[in-house]
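Each residue of the sequence shown is one higher than the one before, counting from 1 in the UniProt record's numbering.
Source of the hints: derived by calculation from the structure; they are not laboratory data. Misleading hints may appear alongside valid ones.
Restraint-style ranges between C-beta atoms, simulated for each label pair [to be verified]: (1) VAL214 - HIS331: 31 to 41 Å; (2) GLU361 - ARG3: 49 to 59 Å; (3) VAL383 - LEU206: 29 to 39 Å; (4) PRO284 - PHE56: 52 to 62 Å; (5) SER298 - VAL207: 24 to 34 Å; (6) THR299 - PHE202: 26 to 36 Å; (7) VAL330 - MET220: 37 to 47 Å; (8) VAL71 - PRO259: 46 to 56 Å.
Ideal Cβ positions, reconstructed from N, Cα and C, are used throughout, including at glycine.
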Amino acid sequence: MSRARELYDWFDTRLDVEDAQTFLGKAFPAEDSFLLGEVALFCFLLLVLSGVFLGFFFEPSTSDVEYDGSVQKFQGEEMPEAFVSVLHITYDVPFGMFIRRLHHWAAHLFVASIGLHMLRVFFTGAYRNPREPNWIVGTGLAALAMGAAYTGYALPFDEFAATATSIGYNLTISVPLVGDFFGQVIFGGEFPSSATIPRLYFLHVLVIPAAIAVGLAVHMAILIRQKHTEAPRDDDLTMGEQTVDEDDDSVIVGLPAFPNQAAVSAVVFFLTAATLSALAGLLPVHNIAHYGPNDPASTPELIMPDWFLMWVYGFLKLLPTWASFSVGPVHVSGEFIGGIVLPGLVFGAVALWPFIDRTPEPTHFTVDPLRRPWQTGVGVAAVAFVMIASIAGMNNILADQVLGTTTGVVNPILQAALLLVPPLFGGLTYLLLRDGDGETPADEQGVAADGGPDDPPVETDGGDSDD
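Put together the whole structure using the sequences plus the hints.
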């Protein structure tokens, strides 16, 4: 026996290399829309790498230190160490401004790609039996991504970020009975305290990224076990001497994981990195030198969260003042309803959706959204709901700079729009699509099965149909 064979057998007995080879032959559907999840994965990788770089220079402390750096207007001033360290990263560390911008845009693209990925899955029905668990995991990842962005938003401890972060503190302590306890745990007491930045830093660089990493691992493990959904086939396919029926769900037609899909993934990674690098090189991010360090005695003129949390801010702005009430000794505030209850209901509805739109049998093929009238109508209504709530979060800009009026005039219109426009758009969508032919016959079919590493570049991935 050759030394090479001995080495192979040594690894095979310990790492089960044969199974690894089988995995390398798994088929991946060739549709471009399936790559949105990979964009999110690569954004997370770039976030971790850029975050490690930034972590070498950031100081999670609110203790005052004397500034001695490149920003002339702050020379000699006593300022929070967190703020000073971000100034140092931005203006004095080589490539610091670029890496900070890259981290910023990667966070935005991370959230955006997760959202677009979930929309693709929703409108094509790829969440259905047996993929409900992965939809729930994806919903949790979306929430964690927003949490990671929020905790990182506060770390520079400049006037704008600290004021915006205080909204989250007020929402936390608004939780009846346990709000003060949560405020102590997450923020270290009344915001801002000396423990606020260290607590948020710990959540931002360890707790939430670890949870995201675990969620991604679970998401990928379920995906590998259950296989990708596949777009409906137009007709029977002939692959060499093998013919695959258009409604045969026991095989997947696509690219093998290696080398074809690996090459596609490499291209997606470099395109993602190039896009983020271009954004980092050309577009500025939050200018902390303009706002200066946190000053509890002042408030910036315009405060609002990032776009992916704007809909929550819109709930807070549109909720009427009489929404607060008391039940015995328990006080339920409008902040709790608008900032905790309503967003919780939104995420809960998203997570439970596969159990509302249930299918009794496993489904393998995706569906044309135009052939799912009521499901597509619900999706359109949900998108309209979030968009209107997000516009409400910018009601002061809409009123003052766009319409030349006051928020008192705009808010009732936005409240009515939030209640009426989503069901109107959803109903119109349903009426326009209800005369379609319905779902494709493949909707009633089973999930895909597995194949080996020796399949051709465009392959059928065969196996047991009940895998």
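Tested hints:
1. The hint said 31 to 41 Å for the Cβ distance between VAL214 and HIS331, and at roughly 36 Å that hint holds.
2. For GLU361 paired with ARG3, a C-beta distance near 52 Å keeps the hint of 49 to 59 Å intact.
3. Here the CB-CB span from VAL383 to LEU206 is close to 34 Å, well matched to the stated 29 to 39 Å.
4. Between PRO284 and PHE56 the CB atoms are about 23 Å apart, so this pair departs from the stated range of 52 to 62 Å.
5. Remark: the range hint 24 to 34 Å for SER298 to VAL207 is upheld by a beta-carbon distance near 32 Å.
6. Distance hint for THR299 and PHE202: a CB-CB separation of about 27 Å, consistent with the stated range 26 to 36 Å.
7. The hinted range of 37 to 47 Å is satisfied by VAL330 and MET220, whose Cβ atoms lie roughly 43 Å apart.
8. Restraint check, VAL71 to PRO259: a C-beta distance of roughly 50 Å satisfies the suggested window 46 to 56 Å.
In summary, the structure is inconsistent with hint 4 from the numbered list given earlier, while agreeing with all the others.
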